[in-house]
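Asks: Spelled out, the chains give:
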Amino acid sequence: MEGDVRLRGAIEALLFVSDEPVSAARVAKILEADPGTVAKALEVLAEEYRDAERGFQLREAAGGWRLYTHPAYHDAIEQYVLSWDTRRLSQAALEALAVIAYHQPVTRAGINAVRGVNSEAVISSLVEKGLVREAGRDREAGNAILYTTTKAFLEKFGLKSLDELPPLEEFAPDERTEAAIRERLGGPARSFSADEDEASTAEADDIAEID
Amino acid sequence: MEGDVRLRGAIEALLFVSDEPVSAARVAKILEADPGTVAKALEVLAEEYRDAERGFQLREAAGGWRLYTHPAYHDAIEQYVLSWDTRRLSQAALEALAVIAYHQPVTRAGINAVRGVNSEAVISSLVEKGLVREAGRDREAGNAILYTTTKAFLEKFGLKSLDELPPLEEFAPDERTEAAIRERLGGPARSFSADEDEASTAEADDIAEID
Amino acid sequence: MGYRVRIEAFEGPFDLLLQLVARQKVDVAAISVTEVTDQYLAYVERMHELDLDVASDFLLVAATLLEIKAASLLPGEDHYVGEDIDDLSPEEARELLVARLVAYKQFKNVAVELAARMESVSHMHARQAGLEEPFVGLMPDYLEGLTLRGLAVICADLLHRREVFLLQAEHVAAAPISLELHTESVARTLARSGTVRFTELVGQDALPEVVVVTFLAILELYKCGRVLLRQDSLFDDIVVTACGPTEGT
Numbered sequence: 001m002e003g004d005v006r007l008r009g010a011i012e013a014l015l016f017v018s019d020e021p022v023s024a025a026r027v028a029k030i031l032e033a034d035p036g037t038v039a040k041a042l043e044v045l046a047e048e049y050r051d052a053e054r055g056f057q058l059r060e061a062a063g064g065w066r067l068y069t070h071p072a073y074h075d076a077i078e079q080y081v082l083s084w085d086t087r088r089l090s091q092a093a094l095e096a097l098a099v100i101a102y103h104q105p106v107t108r109a110g111i112n113a114v115r116g117v118n119s120e121a122v123i124s125s126l127v128e129k130g131l132v133r134e135a136g137r138d139r140e141a142g143n144a145i146l147y148t149t150t151k152a153f154l155e156k157f158g159l160k161s162l163d164e165l166p167p168l169e170e171f172a173p174d175e176r177t178e179a180a181i182r183e184r185l186g187g188p189a190r191s192f193s194a195d196e197d198e199a200s201t202a203e204a205d206d207i208a209e210i211d
Numbered sequence: 001m002e003g004d005v006r007l008r009g010a011i012e013a014l015l016f017v018s019d020e021p022v023s024a025a026r027v028a029k030i031l032e033a034d035p036g037t038v039a040k041a042l043e044v045l046a047e048e049y050r051d052a053e054r055g056f057q058l059r060e061a062a063g064g065w066r067l068y069t070h071p072a073y074h075d076a077i078e079q080y081v082l083s084w085d086t087r088r089l090s091q092a093a094l095e096a097l098a099v100i101a102y103h104q105p106v107t108r109a110g111i112n113a114v115r116g117v118n119s120e121a122v123i124s125s126l127v128e129k130g131l132v133r134e135a136g137r138d139r140e141a142g143n144a145i146l147y148t149t150t151k152a153f154l155e156k157f158g159l160k161s162l163d164e165l166p167p168l169e170e171f172a173p174d175e176r177t178e179a180a181i182r183e184r185l186g187g188p189a190r191s192f193s194a195d196e197d198e199a200s201t202a203e204a205d206d207i208a209e210i211d
Numbered sequence: 001m002g003y004r005v006r007i008e009a010f011e012g013p014f015d016l017l018l019q020l021v022a023r024q025k026v027d028v029a030a031i032s033v034t035e036v037t038d039q040y041l042a043y044v045e046r047m048h049e050l051d052l053d054v055a056s057d058f059l060l061v062a063a064t065l066l067e068i069k070a071a072s073l074l075p076g077e078d079h080y081v082g083e084d085i086d087d088l089s090p091e092e093a094r095e096l097l098v099a100r101l102v103a104y105k106q107f108k109n110v111a112v113e114l115a116a117r118m119e120s121v122s123h124m125h126a127r128q129a130g131l132e133e134p135f136v137g138l139m140p141d142y143l144e145g146l147t148l149r150g151l152a153v154i155c156a157d158l159l160h161r162r163e164v165f166l167l168q169a170e171h172v173a174a175a176p177i178s179l180e181l182h183t184e185s186v187a188r189t190l191a192r193s194g195t196v197r198f199t200e201l202v203g204q205d206a207l208p209e210v211v212v213v214t215f216l217a218i219l220e221l222y223k224c225g226r227v228l229l230r231q232d233s234l235f236d237d238i239v240v241t242a243c244g245p246t247e248g249t
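Protein chains in written order, with our numbering: chain U, 1 to 211; chain V, 1 to 211; chain R, 1 to 249.
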């Protein structure tokens with residue numbers, strides 16, 4: 001019984017911080033638990049939330065488990081999100097956008113590696129806002145989706161091309177970081193063409209290296 | 001009873017999507033509910049999670065309520081959460097932060113005076129980390145910048161408000177330690193003798209022990 | 001090793017003084033800059049017959065007090081101690097310093113408590129998943145007021161954070177100077193050049209901690225009989241000459 005509670009707690013904690021659906025097998029691996037036991041525990045947990053009429057629910061979709069808010073409360077959530085202060089910038093969104101702008105084309109794993117946290121939801125919000133778009137696949141990284149900024153992004157900041165982005169080195173807080181930036185972004189000048197398939201060449205390698 | 005469950009569900013859903021602590025008053029306003037009832041419901045919810053040994057918990061911090069994972073599962077999910085921001089603060093940074101927390105608003109000179117050493121670099125790093133901010137100028141001290149702690153400080157240190165800082169008096173060295181310091185700093189004889197026996201008295205232990 | 005100076009733990013003169021008074025008596029009442037200098041020179045002269053423990057501790061006390069005094073003497077600068085110790089009676093000077101140390105100690109204590117709190121809070125993670133699909137579009141225009149330079153700063157800071165994290169993960173923290181390691185580096189320089197001046201060892205514009213640790217390094221080498229030290233006159237450069245077995249270059 002004790003062990004059950006602990007496993008349930010660990011699963012809940014993991015799902016709580018997770019940004020994407022997680023398969024029972026993956027949960028089991030992370031928690032070093034028996035896959036069968038974990039799969040069962042996930043089902044029990046989903047039922048528990050349902051029976052207790054919680055404000056969130058656990059659903060299995062797209063090959064994994066993920067916590068969602070309960071649809072019954074979507075009006076309330078809408079009200080809440082609409083009440084968010086417009087001038088309070090979401091640090092997460094800004095960070096992801098900054099990373100994409102300077103490292104493009106870049107995979108989600110590449111963005112995560114720089115930010116140190118999972119970025120899936122944030123990336124979709126940027127895509128939805130038309131600031132970022134999918135631009136091909138990185139063949140060398142298991143065909144992961146590559147992201148780039150959009151024309152709308154350029155227009156928003158009055159840029160003719162990405163070459164006009166201010167050089168990142170100038171903003172490094174110390175010399176070590178400056179050197180690291182030079183090393184990573186250095187080499188051939190970033191002249192990104194809209195050509196989706198060719199996008200995943202040398203720069204994609206640089207990105208893979210960060211992972 | 002029905003209403004209770006609905007209110008609880010709505011509160012849970014809001015907390016679930018929130019990316020900052022939310023006050024009971026704000027929740028009440030969005031849900032068009034009675035503030036007292038909401039405040040009570042939040043407390044009950046926090047207790048419920050605790051009693052059921054959930055993997056997440058509801059905590060009051062920095063003037064609002066927010067969901068966090070339970071610390072018991074930190075080890076289990078640590079790798080999954082990966083974060084660059086788990087660095088500990090240096091001793092110097094903690095000391096400067098403590099002075100700012102208890103003496104705010106305080107100038108750089110005020111911090112230096114307590115620490116006996118220039119704290120400029122340490123203060124900038126605290127500002128950069130978002131734990132401390134500039135808050136006006138001290139007209140009586142040549143317009144020196146005044147520093148205060150931020151909301152992020154409260155949240156990172158698990159404080160509801162500054163009132164919750166542990167009382168500074170409790171951390172004053174006790175009389176024996178003070179007497180020991182006085183005694184050690186005194187004495188007419190040049191006492192750099194290597195006489196270790198003399199040094200290892202009870203008072204020495206007092207001073208050392210608190211370090 | 002006979003003596004050990006924990007330079008990495010040095011958080012300023014108050015901190016160091018506290019550490020020292022925990023170990024032995026420190027006579028601040030009689031301290032004046034010239035006296036410190038005289039005593040230092042006297043100690044250096046008698047170094048060969050003295051326990052190095054005492055000598056290095058003394059050096060640290062002297063350096064500490066000099067720092068306090070220097071700070072209080074600099075015009076227009078922040079006065080860390082407030083008054084010039086030399087102007088006070090020995091009793092007053094002592095009481096002043098006791099009061100300062102006690103006040104500092106209080107904050108040092110509370111800093112420990114704060115660190116513990118921060119540590120325990122850091123084991124609780126807030127949700128970072130962001131909004132679910134249906135709500136994403138409702139978010140306000142977060143880019144309002146954002147400039148390109150702002151974006152560059154955000155990206156550079158992220159890379160910096162990551163650099164620092166990786167650096168710490170590798171345990172190659174920059175701040176502390178290991179005496180053992182530094183001594184070894186001095187030994188290797190000597191193995192190559194035979195004789196070298198102290199000023200050459202520390203280089204131009206050396207940080208105070210580098211000067212201190214280099215000085216301690218040559219003392220250590222002297223103690224082990226690996227170098228000869230020569231100083232022709234007061235404040236002259238110290239000439240360090242390798243001698244004896246210079247193993248393990």
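Bear in mind the hints are in silico, worked out from the structure with no lab data behind them.
Even for Gly, the Cβ is constructed at its ideal location relative to N, Cα and C.
One or more of the hints may lead you astray.
Residues from chain R shown here face chain U by an in silico Cβ test under 8 Å; the list is partial [to be verified]:
| hint | residue |
| --- | --- |
| 1 | V112 |
| 2 | E113 |
| 3 | A115 |
| 4 | A116 |
| 5 | R117 |
| 6 | R127 |
| 7 | F135 |
| 8 | L146 |
| 9 | R149 |
| 10 | I154 |
| 11 | C155 |
| 12 | L158 |
| 13 | L159 |
| 14 | D205 |
| 15 | P208 |
| 16 | V210 |
Here are the computed distance ranges between Cβ atoms for each label pair [claimed, not checked]:
| hint | chain 1 | residue 1 | chain 2 | residue 2 | range |
| --- | --- | --- | --- | --- | --- |
| 17 | R | R188 | U | E155 | 56 to 62 Å |
| 18 | R | S185 | V | K160 | 34 to 40 Å |
| 19 | U | E170 | V | Q104 | 32 to 38 Å |
| 20 | V | S161 | U | A46 | 33 to 39 Å |
| 21 | U | V5 | V | R137 | 19 to 25 Å |
| 22 | U | E183 | V | R176 | 51 to 57 Å |
| 23 | V | A25 | R | V210 | 35 to 41 Å |
| 24 | V | D51 | U | A46 | 18 to 24 Å |
Asks: So which hints don't hold here, by number, going up?
Replies: 1, 2, 3, 4, 5, 14, 15, 16, 18, 21 and 23
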